[in-house]
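A.B. asks: Here's the letter readout for the chains.
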Amino acid sequence: DVKVTQSSRYLVKRTGEKVFLECVQDMDHENMFWYRQDPGLGLRLIYFSYDVKMKEKGDIPEGYSVSREKKERFSLILESASTNQTSMYLCASTQWGGSYEQYFGPGTRLTVT
Amino acid sequence: DQQVKQNSPSLSVQEGRISILNCDYTNSMFDYFLWYKKYPAEGPTFLISISSIKDKNEDGRFTVFLNKSAKHLSLHIVPSQPGDSAVYFCAASVISSNTGKLIFGQGTTLQVKP
Chain A
1 DVKVTQSSRY
11 LVKRTGEKVF
21 LECVQDMDHE
31 NMFWYRQDPG
41 LGLRLIYFSY
51 DVKMKEKGDI
61 PEGYSVSREK
71 KERFSLILES
81 ASTNQTSMYL
91 CASTQWGGSY
101 EQYFGPGTRL
111 TVT
Chain B
1 DQQVKQNSPS
11 LSVQEGRISI
21 LNCDYTNSMF
31 DYFLWYKKYP
41 AEGPTFLISI
51 SSIKDKNEDG
61 RFTVFLNKSA
71 KHLSLHIVPS
81 QPGDSAVYFC
91 AASVISSNTG
101 KLIFGQGTTL
111 QVKP
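From first to last, the protein sequence lines are chains A and B.
Take the first sequence: its letter number 97 is residue 97 in our numbering, and every next letter is one higher.
Take the second sequence: its letter number 106 is residue 106 in our numbering, and every next letter is one higher.
Honestly, I wouldn't trust all of these hints.
What the hints assert, rightly or not - Derived EDC-like pairs (lysine to aspartate or glutamate); straight-line CA-CA distance at most 20 Å:
1. Lys37(B) to Asp1(B)
2. Lys68(B) to Asp55(B)
3. Lys56(B) to Asp28(A)
4. Lys18(A) to Glu30(A)
5. Lys13(A) to Glu72(A)
6. Lys71(B) to Asp84(B)
7. Lys54(B) to Asp38(A)
8. Lys53(A) to Asp28(A)
9. Lys57(A) to Asp1(B)
10. Lys53(A) to Asp38(A)
11. Lys5(B) to Asp26(A)
12. Lys71(A) to Glu30(A)
13. Lys37(B) to Glu69(A)
14. Lys70(A) to Asp38(A)
15. Lys37(B) to Glu22(A)
16. Lys3(A) to Glu15(B)
17. Lys56(B) to Asp24(B)
18. Lys5(B) to Glu72(A)
19. Lys5(B) to Asp24(B)
20. Lys3(A) to Asp59(A)
21. Lys57(A) to Asp26(A)
22. Lys53(A) to Asp26(A)
23. Lys56(B) to Glu15(B)
24. Lys71(A) to Glu101(A)
Just so you know, these hints were derived from the structure itself, not from any lab.
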């Protein structure tokens, strides 16, 4: 059974804090993605990675960075959290050249106060 | 610039009837389309997909129709069940990019009433 796990389901942080969101997949997938989901805006791509140490900006990368040191792990970093980064964060993975079906983790509800 | 649009934020149908969810896209390079279903506090799960070489794909109660000339796709659920109540996202991709990158619509919240 395929699995994408995220380090936290709920997280509350203060403005200005550095925040790490971790994602791990056990499917040996090459491609991994970070999205945020906001009401009325759908899922918007923040960053993605198609290989270890490789990363590409998505549609809304400002205020975020990522790290992929191992194939199975993809981290999203909020360098200095702000209230407009309060959102649901979703990680996903897919196989290179596969069916394009992305497998999602359960999400992290981040609140920045 | 919203390349994939779901113009209906919500839809309510009676149990047993048909649910039709719609999606429009603007980028003619998209050649693969997917539908995802999302329950609250869970990640989206894949439902059904269609390649641009087809105009219909069916999987049990779920059928996706693609009209390339209109840049429109729709998801039909027949018969609708209360357990189908969820947010539905359509997504589009360019296969040749090899990135696996998907562009998602805003989502439509479906409520199926018993």
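A.B. asks: If any of the earlier hints don't hold here, list their numbers in rising order.
C.D. replies: The structure breaks hints 1, 3, 4, 5, 6, 7, 10, 11, 13, 14, 15, 16, 18, 20, 21, 23; every other hint is satisfied.
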